[in-house]
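S.K.: Protein chains in written order, with numbering that gives the first Met the number 0: chain C, 0 to 308; chain F, 0 to 308; chain A, 0 to 308.
Calculated directly from the structure, the hints in this document are not laboratory data.
Heads up, a few of these hints could be off.
One copy or two, either will do: identical chains are not told apart, so a pair holds if it fits within one copy or between any two.
Claimed, not checked - Straight-line alpha carbon distances no greater than 25 Å define the calculated SDA-like cross-link-like pairs of lysine to any residue that follow: (1) Lys153 x Gly132; (2) Lys223 x Met0; (3) Lys195 x Pro125; (4) Lys33 x Leu307; (5) Lys2 x Leu308; (6) Lys205 x Leu257; (7) Lys95 x Glu27; (8) Lys153 x Glu51; (9) Lys180 x Arg14; (10) Lys86 x Phe282; (11) Lys30 x Gly68; (12) Lys116 x Ser248; (13) Lys86 x Gln112; (14) Lys70 x Leu101; (15) Lys33 x Ile200; (16) Lys205 x Leu307; (17) Lys205 x Val273; (18) Lys30 x Arg123; (19) Lys261 x Glu27; (20) Lys70 x Glu29; (21) Lys262 x Phe282.
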Amino acid sequence: MIKLHHIIESQQFNRHFLEKELFPLAKEMEKIAKQGGSDILSGKKMFTLFYEPSTRTRASFEIAMSLLGGKVVFSTENARQFSSAAKGETIEDTIKILNDYLPDVIVLRYDEQGGAKRAAEISRAPIINAGDGAGQHPTQALLDLYTIQKEINKIAGTSIAMVGDLANGRTVRSLSYLYVKFPEVKIYFISSESAKMKDDIKDYLKKHNVWFEERNDLREIASKVDIIYQTRTQKERGALLEEHEKTESFCIVNQEVLDLMKKDAIIMHPLPRVDEISPEVDFDPRAAYFRQAENGLYVRMALLKMILL
Amino acid sequence: MIKLHHIIESQQFNRHFLEKELFPLAKEMEKIAKQGGSDILSGKKMFTLFYEPSTRTRASFEIAMSLLGGKVVFSTENARQFSSAAKGETIEDTIKILNDYLPDVIVLRYDEQGGAKRAAEISRAPIINAGDGAGQHPTQALLDLYTIQKEINKIAGTSIAMVGDLANGRTVRSLSYLYVKFPEVKIYFISSESAKMKDDIKDYLKKHNVWFEERNDLREIASKVDIIYQTRTQKERGALLEEHEKTESFCIVNQEVLDLMKKDAIIMHPLPRVDEISPEVDFDPRAAYFRQAENGLYVRMALLKMILL
Amino acid sequence: MIKLHHIIESQQFNRHFLEKELFPLAKEMEKIAKQGGSDILSGKKMFTLFYEPSTRTRASFEIAMSLLGGKVVFSTENARQFSSAAKGETIEDTIKILNDYLPDVIVLRYDEQGGAKRAAEISRAPIINAGDGAGQHPTQALLDLYTIQKEINKIAGTSIAMVGDLANGRTVRSLSYLYVKFPEVKIYFISSESAKMKDDIKDYLKKHNVWFEERNDLREIASKVDIIYQTRTQKERGALLEEHEKTESFCIVNQEVLDLMKKDAIIMHPLPRVDEISPEVDFDPRAAYFRQAENGLYVRMALLKMILL
């Protein structure tokens, strides 16, 4: 088993790690979870430090730790408002002091891009980036790829439509970096004009000769892709999305899109969702987003094991 | 021992359950708690999901779980503000995903009537309604009845005065449904004109031939009842209570009321209280509200055992 | 080993307790912590009840408890906003009810001076004052003195400069009471005119014949002291500090001050810090503030052991 330390950005992982290390271990973790857990991380101590709202991510990390017998010895759900940060403390000082309290791992959600990296630079304990503002959310990308592998049985050679607020969503950013480590993939970025994928990602794809195309109507390509990766408008990032809202109806996953999709394609979503997926879609077996959320637990268990053992 | 699943509303319980199952088990739990706890729920996992302020309720559930050897593996104290709900996620989606994280029981306080029922409809894990807006608070009603039984040695044949903001208090609603499962009880609803008990409860009582009367001055009936159940103005439910505030002095429990009360009557209150009980009342042995709060721990331990074993 | 009950204010401790009981035990605790903990407090239950922002203090108490094998069975990080306090409940009622839930110790941060004392008056379980508004923060004073002893190898005969917002900082208040239990100490209070140390402390010092002086420029005395105890402007206490802000540049610890300081002097700070310590100071070995924060863990472990065993 590979030994991990910090998890900061999805680029740090490669195809070999995913296919040979992470995926098999996540599968094993699913069995362990369903049998009620194990105690391999007994005595290990996790701190969770969240500067932004979250249910799913904090829950899945804390529960993953607990299922492996480790302990969440300190947890704060809104560090921005209720901690020393409110008094003006830097993330570096906070992390430095928390290190003195002897954590084995720190799960950090920060509200500014680059926060996880700044934390990792001064932390003795491994930092897991659980989202840093508009930056990245690498464990989400790992569970996304695990879901694709599990649902479609391969990643190489697939095509994906990333849909919605691509300018502000960190999950599509993290996923893009990781997805293109697999050969012969195709990406469609589908959004309104104002919510287009940022240039840094597009430049990265060009540099690595990855095929991609930008569109603004999901219905035009719904029949062509193996994966529709829908996302939510990131209102909390202050997105100026007036035009986006006008045209976002072209981006909704609804019955019309279901009818166009391949029989064995899947619909993913990092959740929470609001109204970008119509209710009827839930009943279609191709709706993979709740299975995807479940996979998050197993992938995070696997990562904790690789970091802590 | 009866096996419980969801706890949604107090109507779901009957007299037999209370007297033959819950009360004896709660008594046993008191002993266990005072001896430092047990480990009968070892390996069981609780999630607590609170969308509204609470100290007592969340504390008593989490401590009850802990005293029986179970684990609170995920806890959030203001889900409304700090979770995916803030991003527009429905309670159904939140509960669906939390189920994938393998809870054995979910304790839910929601901020809208009907929330617990909606959650239960899609949850594999048992849901305990720890209050749903102006709806119900069934475990409070159970501990209230346990307190009456313990303090007065019977429920059948007693008379109760429910006092205060009856229009907005969910505890008096839940208690009403359950109290009238006992024969020959009498209820006085005592409130200002604007805070009267709602029609749905009064219709329910009429349908079941339960004697009740509405009054606006506690002093007129203080000498007639076995239980004064005082409540607090639910300012957080946006009650328009101007008139209520003018006349609420008729509803305060004070020395004058103590002097009128029977020697073996009791005063209850779901707490927290503000100024609807005068400070001198605390020193009277008939003040049962702190003993009532204590009983909450034992009743919740009993419920958890019935759900999880 | 001495048995402790409530910890309310630093005056309750004497020199003998510090030197013969607390310091040796804290040293032992450091070893235990670095070896991964012990289980001497197994079965003991802590409640943490915080009415004000904190990371460090709550973290260090909860982690201390966990390292000794005890359990944090209930924790709330903003009791002011998210609990019954928001509905108008008094601290006395809250503490009375929490006692019924069988804690072995309650760690309380309250937002008004005197809160811990009020709580202790009605609590069966030991109360640890983790800060009460502008009142005291006695465990901070204990760890401050432990740090001085550890860094300078003595307390008696040393001189200290307390710097910054002395009018509103509770740490300098608690430290003053305790520091002067040691013979031949000298205190310089260094602040702007509007942030001067309050009279109650100065009267206490006069009464006990302790040498002190008030100044407004740190540079004038930086060469004379063994300890510079820097503090932060307590903006959250509503300090009217306009003039203070004009002159606070005289109170910053920077390279100029480092150059003036004795070779074996130290710089302390209760943290969090904002800009009252310049970044370059972190690299000087005399900067003791992160070591001081670390000591907080060991001192709190020692206190918990003395309270709970």
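S.K.: If a hint holds in the structure, say so; if it doesn't, say that too.
M.R.: Verification of the supplied hints:
Taking the shortest Cα distances, Lys153 and Gly132 never come within 25 Å of each other, neither inside one copy (31 Å) nor across copies (47 Å). For the homomeric pair Lys223 and Met0, neither the shortest alpha-carbon distance inside one copy (38 Å) nor that between copies (57 Å) is at most 25 Å. Within a single copy, Lys195 and Pro125 get their C-alpha atoms no closer than 34 Å, and across copies no closer than 43 Å, so neither meets the 25 Å cut-off. In this assembly of identical chains, the alpha carbons of Lys33 and Leu307 lie at most 25 Å apart whether taken from the same copy (21 Å) or from different copies (17 Å).
Within a single copy, Lys2 and Leu308 get their C-alpha atoms as close as 8 Å, which meets the 25 Å cut-off; across copies the closest is 39 Å, which misses it. For a Cα distance limit of 25 Å, the shortest separation of Lys205 from Leu257 qualifies neither inside one copy, at 31 Å, nor across copies, at 52 Å. Within a single copy, Lys95 and Glu27 get their C-alpha atoms only as close as 35 Å, which misses the 25 Å cut-off; across copies the closest is 23 Å, which meets it. In this assembly of identical chains, Lys153 and Glu51 lie within 25 Å of each other by CA distance neither inside one copy nor across copies; the values are 34 Å within and 44 Å between.
Taking CA atoms no more than 25 Å apart as the test, Lys180 paired with Arg14 passes inside one copy only; the shortest distance there is 6 Å, against 64 Å between copies. For the homomeric pair Lys86 and Phe282, the shortest alpha-carbon distance between copies (23 Å) is at most 25 Å, but the shortest distance inside one copy (48 Å) is not. For the homomeric pair Lys30 and Gly68, the shortest alpha-carbon distances inside one copy (15 Å) and between copies (24 Å) are both at most 25 Å. Taking the shortest alpha-carbon separations for Lys116 and Ser248, neither the intra-copy value of 37 Å nor the inter-copy value of 32 Å comes in at or below 25 Å.
In this homomeric assembly, Lys86 and Gln112 come within 25 Å of each other (Cα to Cα) both inside a single copy, at 20 Å, and across copies, at 20 Å. Proximity of Lys70 to Leu101 under the C-alpha cut-off of 25 Å is found in both arrangements, the shortest distances being 13 Å within a copy and 17 Å between copies. For the identical chains of this complex, Lys33 and Ile200 are neighbours neither inside a copy (38 Å) nor across copies (44 Å), given an alpha-carbon limit of 25 Å. Taking identical chains as interchangeable, the C-alpha atoms of Lys205 and Leu307 are never at most 25 Å apart, the minima being 37 Å within one chain and 55 Å between chains.
Taking CA atoms no more than 25 Å apart as the test, Lys205 paired with Val273 passes in neither setting, with 32 Å inside one copy and 43 Å between copies. Taking the closest pair of Cα atoms, Lys30 and Arg123 come within 25 Å of each other only across two copies (19 Å); inside a single copy the shortest separation is 32 Å, beyond that limit. When the C-alpha separation of Lys261 and Glu27 is checked against a cutoff of 25 Å, the pair qualifies neither within a copy, at 30 Å, nor between copies, at 60 Å. In this assembly of identical chains, Lys70 and Glu29 lie within 25 Å of each other by CA distance both inside one copy and across copies; the values are 19 Å within and 20 Å between.
Within a single copy, Lys262 and Phe282 get their C-alpha atoms as close as 14 Å, which meets the 25 Å cut-off; across copies the closest is 62 Å, which misses it.
Checked against the numbered hints above, the structure breaks hints 1, 2, 3, 6, 8, 12, 15, 16, 17, 19 and satisfies the rest.
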